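Line by line, the protein sequences give chains F and B.
Throughout the first sequence, residue numbering follows my numbering, covering 591 to 871 in sequence.
Throughout the second sequence, residue numbering follows my numbering, covering 2 to 258 in sequence.
Just to be clear, a hint being listed does not mean it is correct.
Here are the simulated SDA-like pairs of lysine to any residue, each with C-alpha atoms no more than 20 Å apart in a straight line [claimed, not checked]:
(1) B:K139 with F:K726
(2) B:K139 with B:S120
(3) B:K12 with B:K222
(4) F:K848 with F:F622
(5) F:K663 with B:Q19
(6) B:K140 with B:I158
(7) B:K139 with B:T35
(8) F:K743 with F:V724
(9) F:K824 with F:L808
(10) F:K690 with F:R636
(11) B:K139 with F:D708
(12) B:K140 with F:E788
(13) B:K140 with F:P828
(14) B:K139 with F:D686
(15) F:K656 with B:F63
(16) F:K824 with F:L719
(17) B:K222 with F:E736
(18) F:K663 with F:S689
(19) B:K74 with B:F63
(20) B:K12 with F:F622
(21) F:K656 with B:M130
(22) B:K140 with B:L16
(23) B:K140 with F:T680
(24) F:K663 with B:L16
(25) F:K848 with F:G638
(26) B:K140 with F:A625
(27) F:K611 with F:G648
(28) F:K663 with B:F63
(29) F:K656 with B:P137
(30) B:K140 with F:H856
(31) F:K663 with F:G638
From chain B, some residues computed to sit far from chain F (all C-beta separations above 12 Å) [said to hold, decoys possible]:
(32) V123
(33) Q126
(34) M130
(35) L133
(36) G134
(37) H192
(38) S194
It is worth saying that the hints were derived from the structure and are not from the lab.
Given the structure is predicted, the values throughout are model-derived calculations rather than measurements.
Positions of the beta carbon are idealized from the N, C-alpha and C atoms, including for glycine.
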Amino acid sequence: MPPLDNAISPFDEENLDTVHKAIIFENVSICFEEAPVLDGVSFELRRGETKIILGVAGSGKSTILKLCLGLLKPDSGKIYVLGHDITTMTEEELFDLRSKVGIVFQESALFDSLNVRDNVAFRLLEEHLPEAEVEKRVRESLSFVELEAAIDKFPAELSGGMRRRVGIARAIITQPEVLLYDSPTGGLDPITSTTIIELIMKQRDVFKTSALMVTHRLQDGFTLATHYFDPATKHMKPSDGKPSQDIRTSFMILRESKAVFEGSAHELGQVQDPYIKEYIS
Amino acid sequence: MELISPFDFVKRSILAVQEYTYLSLRSLTNVFRTPFYMADTIQQADLIGVGSLPIVVLTGMFTGIVLALNTAKTLESFGSLSMTGRLVSFSMVRELGPVLTSLMVTGRNASGMASELGSMKVTEQIDAMRALGTDPYKKLVTPRVISTVFMMFFLTIISDLVGLIGGWIISFFMLGLDSTQYWNSAYQILHYSDVVTGLVKPVVFGFIIATIGCYFGMTTKGGTQGVGRSTTEAVVWSSVLILAVDAVLTQLLIVLS
Chain F
591 MPPLDNAISP FDEENLDTVH KAIIFENVSI CFEEAPVLDG VSFELRRGET
641 KIILGVAGSG KSTILKLCLG LLKPDSGKIY VLGHDITTMT EEELFDLRSK
691 VGIVFQESAL FDSLNVRDNV AFRLLEEHLP EAEVEKRVRE SLSFVELEAA
741 IDKFPAELSG GMRRRVGIAR AIITQPEVLL YDSPTGGLDP ITSTTIIELI
791 MKQRDVFKTS ALMVTHRLQD GFTLATHYFD PATKHMKPSD GKPSQDIRTS
841 FMILRESKAV FEGSAHELGQ VQDPYIKEYI S
Chain B
2 MELISPFDFV KRSILAVQEY TYLSLRSLTN VFRTPFYMAD TIQQADLIGV
52 GSLPIVVLTG MFTGIVLALN TAKTLESFGS LSMTGRLVSF SMVRELGPVL
102 TSLMVTGRNA SGMASELGSM KVTEQIDAMR ALGTDPYKKL VTPRVISTVF
152 MMFFLTIISD LVGLIGGWII SFFMLGLDST QYWNSAYQIL HYSDVVTGLV
202 KPVVFGFIIA TIGCYFGMTT KGGTQGVGRS TTEAVVWSSV LILAVDAVLT
252 QLLIVLS
């Protein structure tokens, strides 16, 4: 990837720890048709960390993910992604940066006129990689989500859970440094949800990818915080039963456009705020 | 129905014009910037050009037939039935060929573009494309604009020709005119400026069809209902703009020639 002109200056880098932090939000605000969606939200995502973003519908969770990719521009504030101030970057410059950030959309957003192979390979095909290389990486990616058998199917022929897994395969095919999950288990049955969470955990523990995960399901967040992926059994296992021991998963709760909580699973369990207590109960 | 203040209405209208202008300019500037989506452009040319051929041929044929029938009645009263070929030719090549072909292609393709891109927009496929590092304006809009402009040129020529054949069928089989006389008069009435006028118009109309269709598709909001609304608006605005631009273009080309 060519160097981007507006990567933060050495002076800024001294103040902003972009070595250990993949994403930094600084006082970010955005309004849709004069209604505030995010109001002065600040947070940081450390490299290798998975941050669970919780909140009721309309609290601005998905907007945060779109802001991280530059799909939306904030009205005010700064957003640094992998050391680049994306609020000042043009769309052309963002296309380069986006190759390092993968996203799994809420409804998968698979291209319905392309089959699974072409959906997963979309980015590689756009880069005109050799056919053999594309095929190899598509199969690797689909193997990760255990969907190799569906390679020639079209999205309409897949179940909701399979579509979500294809979405994950498409997001990870370029081995991005950051992954963004928008309600990856929304609308799925408990067994399929567990499968998706296990894949997210596998990506976190095997590839150490930083991730932001938006979800309504608190149990998904706690599962991520209290379990680890065991490569030997290829399944998740409880760490030691104590959420406080987890160091790679943190939580953020949004309420009425503002971040009202940020901390570990243990801190979330200890919080005394009535709204948060009611939310997690 | 939502009521909006006149100030908001003006503000939204100016914003829409700004967004449409931006999309149109980007579709043009992207022609000169890599990557080029040649396969997508050829696929669209096939969908728009070859796919529209049956309706364009039918429209051209029936327009030529109706023109011959209507003009013959008037010309007969002046004893100038032999001029039927001239009137059919002049009307088809300068005006009816380009305009009716454009309106047909609008109904078929501007609606298709608006609904296809609109569906992609509401299902976040456009966002997914951007997230995957691909410019949707380059991949989706520019191929449609290039192929519509290119194919409209040839579709209009076909429509003109088929219209003249339709006129000949009526002239020869119903009015009893001589074939050579019909084709000679049809050919002789046309000047260089008429042909240029008849071929400049479809290029401009093709640009309007594709950019309006893509604009409404790319700005779709509000789920499946929004897709339906965008499709309708694309056809309405494209048709109205074609007729309005036709009036301006006709006068402009008359002055220039």
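Tested hints:
Proximity of K139 of chain B to K726 of chain F is assessed by CA-CA distance (about 28 Å); at most 20 Å being required, the pair is judged violated. With a C-alpha separation of about 18 Å, the suggested pairing of K139 of chain B with S120 of chain B holds against the 20 Å cut-off. Restraint check for K12 of chain B and K222 of chain B: the C-alpha separation of about 18 Å stays at or below 20 Å, so the hint holds. A C-alpha spacing of about 15 Å is found between K848 of chain F and F622 of chain F, which places the hinted pair at or below 20 Å, so the restraint holds.
With a C-alpha separation of about 18 Å, the suggested pair K663 of chain F and Q19 of chain B falls inside the 20 Å cut-off, and the hint holds. Distance hint between K140 of chain B and I158 of chain B is unfulfilled; the C-alpha atoms sit about 28 Å from each other, more than 20 Å. Pair hint K139 of chain B plus T35 of chain B holds up; C-alpha atoms about 9 Å apart against a cutoff of 20 Å. With a CA separation close to 17 Å, the supplied pair K743 of chain F and V724 of chain F stays within the 20 Å bound.
Distance check on the hinted pair: K824 of chain F and L808 of chain F sit about 24 Å apart at the alpha-carbon level, beyond 20 Å; violated. For the suggested pair K690 of chain F and R636 of chain F, the alpha carbons sit about 15 Å apart, so the restraint of at most 20 Å is met. The straight-line distance between the Cα atoms of K139 of chain B and D708 of chain F is roughly 19 Å, inside the 20 Å bound, and the hint therefore holds. Under the criterion of a C-alpha separation no larger than 20 Å, the hint pairing K140 of chain B with E788 of chain F is inconsistent with the structure, at around 35 Å.
Between K140 of chain B and P828 of chain F the CA atoms are separated by roughly 46 Å; this puts the pair beyond 20 Å, and the hint is violated. Of the supplied pair hints, the one linking K139 of chain B and D686 of chain F holds, its CA atoms being roughly 15 Å apart against a limit of 20 Å. Between K656 of chain F and F63 of chain B the CA atoms are separated by roughly 52 Å; this puts the pair beyond 20 Å, and the hint is violated. For the suggested pair K824 of chain F and L719 of chain F, the alpha carbons sit about 31 Å apart, so the restraint of at most 20 Å is broken.
Taken as a hint, the K222 of chain B and E736 of chain F pair is broken in the structure, with Cα atoms around 35 Å apart against an allowance of 20 Å. At most 20 Å may separate the alpha-carbon atoms for a hinted pair to count; K663 of chain F and S689 of chain F meet this at roughly 19 Å. Proximity of K74 of chain B to F63 of chain B is assessed by CA-CA distance (about 17 Å); at most 20 Å being required, the pair is judged to hold. Taken as a hint, the K12 of chain B and F622 of chain F pair is honoured in the structure, with Cα atoms around 16 Å apart against an allowance of 20 Å.
Taking the CA atoms of K656 of chain F and M130 of chain B, the gap is near 13 Å; set against the 20 Å cutoff, the hint holds. Pair hint K140 of chain B plus L16 of chain B does not hold up; C-alpha atoms about 24 Å apart against a cutoff of 20 Å. For the proposed pair K140 of chain B and T680 of chain F, the alpha carbon gap of about 18 Å is at most 20 Å, so the pair holds. With a C-alpha separation of about 17 Å, the suggested pairing of K663 of chain F with L16 of chain B holds against the 20 Å cut-off.
A C-alpha spacing of about 25 Å is found between K848 of chain F and G638 of chain F, which places the hinted pair above 20 Å, so the restraint is violated. The hinted pair formed by K140 of chain B and A625 of chain F fails the criterion: a straight-line CA distance of about 33 Å is larger than 20 Å. This hinted pair does not check out: K611 of chain F and G648 of chain F have alpha carbons roughly 27 Å apart, beyond 20 Å. For the hint linking K663 of chain F to F63 of chain B, the alpha-carbon distance of about 52 Å lies beyond 20 Å, and the restraint is violated.
About 16 Å separates the Cα atoms of K656 of chain F and P137 of chain B, which keeps this hinted pair within 20 Å; it holds. Restraint check for K140 of chain B and H856 of chain F: not satisfied, since their Cα atoms lie roughly 47 Å apart, outside the 20 Å limit. For a cut-off of 20 Å, the pair hint linking K663 of chain F to G638 of chain F is broken: about 25 Å separates their Cα positions. For V123 of chain B, the requirement that its beta carbon stay farther than 12 Å from each beta carbon of chain F is not met, with the minimum near 10 Å.
For Q126 of chain B, the requirement that its beta carbon stay farther than 12 Å from each beta carbon of chain F is not met, with the minimum near 5 Å. The claim that M130 of chain B lies off the interface is violated: its Cβ sits roughly 8 Å from the closest Cβ of chain F, which falls inside the 12 Å cut-off. With a least CB separation of 5 Å from chain F, L133 of chain B falls inside the 12 Å interface cut-off, contrary to its annotation. With a cut of 12 Å on Cβ distances, G134 of chain B falls inside the contact zone with chain F, its closest approach being about 5 Å.
Here H192 of chain B stays apart from chain F, with its beta-carbon at least about 46 Å from theirs, past the 12 Å limit. Interface exclusion of S194 of chain B from chain F stands, the closest Cβ pair being 43 Å apart, more than 12 Å.
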